[in-house]
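Colleague: Go ahead and model the full structure; you've got the sequences and the hints to work with.
Residues per chain are reported as follows:
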Amino acid sequence: MRETAMLTVGVHQSVPIPLDIDLSCGAGEVLAVFGPSGSGKTTLLRCIAGLHRPRRARIVCAGETWTDTDAGIHVPTERRRVGLVFQDYALFPHLTARGNVMAALGDRPRQERCQEADRWLAAVHLNGLESRRAAALSGGQRQRVALARALARDPHVLLLDEPFAAVDRAIRTKLHDELDALRRRVRIPMLLVTHDFQDVVRLATDVLVIERGRAIAAGPIETLTSRADIPWSHHALDAGSVFDGRVRTRERARGLADLEFTGGGLVVPDRGLAIGAHVRLRIPAREVILAINRPEGLSLHNILEGRVSAITQHGDEHLVQVAVGDARLLAAVTRDAVNRLALAPGRPVFALIKSLSIDTFGPHAAGGFNRGDTSASPEYTTDPR
Amino acid sequence: MDWTAFTLSIQLGAGTLALLLPIGVALGRTLAVHRFAGKGIVEALVALPLVLPPTVLGFYLLVAFGGRSPLGRFFASLTSQSLAFSFEGLLLASLLVNLPFAVQPIQRAFESIPVDVREAAACCGMPWWRAWLAIELPLAWPGIVTAAVLTFAHTLGEFGVVLMVGGNIPAETRTLSIAIYDRMQAFDDRGAGIMAAMLLIVALATLAITNALSRRVGRRHA
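Heads up: the sequence lines are chains A and B, in that order.
Using this note's numbering, you'd call the opening residue of the first sequence number 1 and step up by one each time.
Using this note's numbering, you'd call the opening residue of the second sequence number 1 and step up by one each time.
Since the hints were made in silico from the structure, they are not lab data.
A quick note: this is a predicted structure, and the numbers were derived from the prediction, not measured.
Think of the CB as a built atom: it goes at the ideal place given N, C-alpha and C, for glycine as much as any other residue.
Zero decoy hints are in this set.
Derived contacts from chain A toward chain B, CB cut-off under 10 Å, selection only: (1) G50; (2) R79; (3) L84; (4) F86; (5) Y89; (6) A90; (7) L91; (8) L105; (9) D107; (10) A150.
Modeller: Given below as structure tokens:
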């Protein structure tokens, strides 16, 4: 079942845009294709949608071969079950929100398409705006119409091309939450092209980092963000491990929530997270303190016991990877700290993490406060200029 | 008032419109969307009637329509009459003269449709004809209306080419414009005045109808 719903892609060409990429994405997975502008991300999506004919490629989705240059196969775009959300949304400007979604529903009876379109618009929280013209919608609303239109096609793969680039931060956080909820319902492979690492942290289950058309790192997000050998600062990013956790308990009186993740338990501020909710965590490497002995009398809540599993030097900074249970945690420390604590692979250590340093993203109960809503969380971009 | 000339002018305008508009849409869209070798030459040829003096154009058309040209001989073998100085010849000349007025606005209209909107139609699973009818045609509609107005108005007003190719044969090639000239030559100011006013009314009516038409289409998509 899982195998047949897979998307597998191999694209290899040197002109007109160099691409040398192999990837696969399963149902319910979100593969973030991350890289700077001009690295070939959009061209990759266009190959999958059939809008660009690569020189050499093999693209198979849900058991159907869409492109196989060796066999001379190129299924035209309109016959590929693909949902594509364009960067500028590309709504049909002369049609209403409903009309845009209906356009993706084929040649079924009008009445049926109309109802189906309204259902999809409701799914993206656009009730009441069905007969609003595309031109009269706000940026966030247009993005939702584009998403509804892409999903209404009942696609075998959903392709998102920088879907959050044109909306402001507050709306982006909301769209992140909605898309995350939607992905758990619509179980198809999803490819998210972005140059904003915040999108990756929030939504991706897997990551493909590309540069000048080549994959330079790939893997599940937990593994990838815990790798010490990636020069994160080279991508203008702060290193930080990403985990998926679940809310175990809330201690409202103390203002704390208790999460479980592959590395055990973590205490985070109770930002209104709902009990049992799936929460994404990010622990910035610079916020992690390493100690040889278990310290006492500290204000912080999280002392995780582990073992150094890797160390890599990047400039003056050392990235120390610590194995905590099944999890790998990154800590950024100075060369002096590495020397003083004699840090080396195999060395037992304690990782100290302030609860306030942990970013949490996820569905939360009403009246809650999510750190992702504020400007307190850092902005990630590969283009510092 | 020369009603025969009036009817002839309307027939010529309607005939030109009916034949030229599909050509204009096909050619305009092709030039807007596709890139091919010789595209610049095609565009230049389409624009040629704009810059060529009508008498020059008329002269070449007359030569091409004549009994010694392959086209003239072919037409004569089909209908046993001459293409020059006939309504059919006039219609053919009118098509060529009006090519830029029909093609250029339509080409601009299709060019103004963003590429990703066209691609989005394909991603929605629309076959080309459905994407064309439901997406491209409504978006290009204002350009098509403009092309129709320009073509019709220009056909009614064309003088030089008509005189060269058609001459001044009543019920065959004498259009209103020619008839007005004819009346003026005969010092019939009153006759010329009535017909000129007639053309003015037709022009105003055309504008009013197209205006209402495009506004209705605009509302339908509102």
